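Participant: Residues per chain, in single letters:
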Amino acid sequence: MTTNKNDKFNARTVSEEGRSIVYLSGELDLSVAPDFRLVMEPLVGDSDVDLAINLKELKYIDSTGIGILLSILKARHSMNASFSVEEVPTQIQKLFDMTGIAKFFEPQENSQ
Amino acid sequence: MKADQTVTLNLPATADYVDIVRLNLYGIASKMGFSYEDIEDMKVAVSEACNNSVLYAYGQEGGLVEVVFGVNGEELTITVKDEGVSFALSQEASDAPTLHNKELHDVEIGGLGFYLMQALMDDVRVASESGKGTQVVLTKRLTRSEEKV
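Order-wise, the sequence lines are chains A and B. Per numbering that gives the first Met the number 0, the first sequence starts with residue 0, numbered consecutively. Per numbering that gives the first Met the number 0, the second sequence starts with residue 0, numbered consecutively.
I should point out that these hints are in silico values taken from the structure, not numbers from a laboratory. None of the values given here were measured: they were computed from a predicted structure. Please note that the accuracy of each hint is not assured.
To be verified - Using 25 Å as the maximum straight-line C-alpha spacing, the simulated BS3-like pairs for lysine-lysine come out as follows: (1) A/K55 - A/K93; (2) A/K73 - A/K93; (3) A/K73 - B/K30; (4) A/K58 - B/K131; (5) A/K93 - A/K58; (6) A/K93 - A/K7; (7) A/K73 - A/K102; (8) B/K30 - B/K80; (9) B/K101 - A/K93; (10) A/K102 - A/K55; (11) B/K101 - B/K30; (12) A/K102 - B/K101.
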């Protein structure tokens with residue numbers, strides 16, 4: 000099946016003044032995990048910028064997506080570089096709390 | 000409890016079809032009167048069960064995943080079944096691989112899927128037999144809620 004992946008999941012990067020924010024929208028699941036990794040890879044390796052992802056428009060995340068966030072956290076931590084999440088929807092925050100990944104993110108303001 | 004009615008999906012065991020399972024789940028669960036939050040919980044749990052079949056059941060040749068929604072007035076039972084190589088789910092479950100007591104450098108990626116299924120559903124049963132594939136049965140009881148979708 001050919002799925003229009005852009006309809007399903009999108010990652011848009013905004014970079015300015017030593018800070019990169021990746022705005023995620025749609026559903027981050029197994030099928031789009033490779034696309035998300037591809038977007039994040041060059042950003043994760045750059046320790047000079049503060050890296051954040053904005054989840055305001057993210058409708059869904061599965062354990063594959065959480066696993067990618069975890070690997071980014073590990074990579075950034077080992078480089079002594081920051082990685083944070085912004086505007087986490089309630090349902091996704093619940094999954095972050097349940098799995099325990101929440102404590103690894105630097106405190107940010109949550110939406111809702 | 001025996002389901003009064005069933006809806007069955009047969010899907011290729013690829014990642015591209017897991018969202019189809021979520022869409023059907025949404026339709027069935029909202030028709031039954033589940034709350035928005037319960038439906039979101041079930042979406043995650045069912046997707047994780049499907050992910051397991053997609054990732055581990057079949058090799059290059061591919062295969063099918065069967066998803067059966069068992070509907071009755073009190074609960075929704077979702078059975079996710081493949082006929083691929085069974086995998087050691089039970090061991091993964093007993094490890095309870097959450098991150099709560101771990102430091103970042105000790106964390107290993109993976110294993111969260113089964114934990115989420117257990118945390119988000121009322122009951123999770125896994126039957127895995129060598130050569131006959133894996134069957135995951137997820138149950139959510141219907142609690143009356145004011146916030147209907």
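Participant: Give a verdict on every hint.
Facilitator: Against the structure, the hints come out as follows:
1. A/K55 - A/K93: Holds. A/K55 to A/K93 sits at ~14 Å (cutoff 25 Å).
2. A/K73 - A/K93: At roughly 21 Å apart (the allowed maximum being 25 Å), A/K93 and A/K73 satisfy the hint.
3. A/K73 - B/K30: violated (42 Å)
4. A/K58 - B/K131: violated (35 Å)
5. A/K93 - A/K58: Distance ~13 Å between A/K93 and A/K58 Cα, so the pair holds.
6. A/K93 - A/K7: holds (22 Å)
7. A/K73 - A/K102: holds (13 Å)
8. B/K30 - B/K80: holds (24 Å)
9. B/K101 - A/K93: holds (19 Å)
10. A/K102 - A/K55: holds (19 Å)
11. B/K101 - B/K30: violated (41 Å)
12. A/K102 - B/K101: Distance of about 10 Å is within 25 Å: holds.
Violation of the numbered hints given earlier is confined to hints 3, 4 and 11; the remaining hints are satisfied by the structure.
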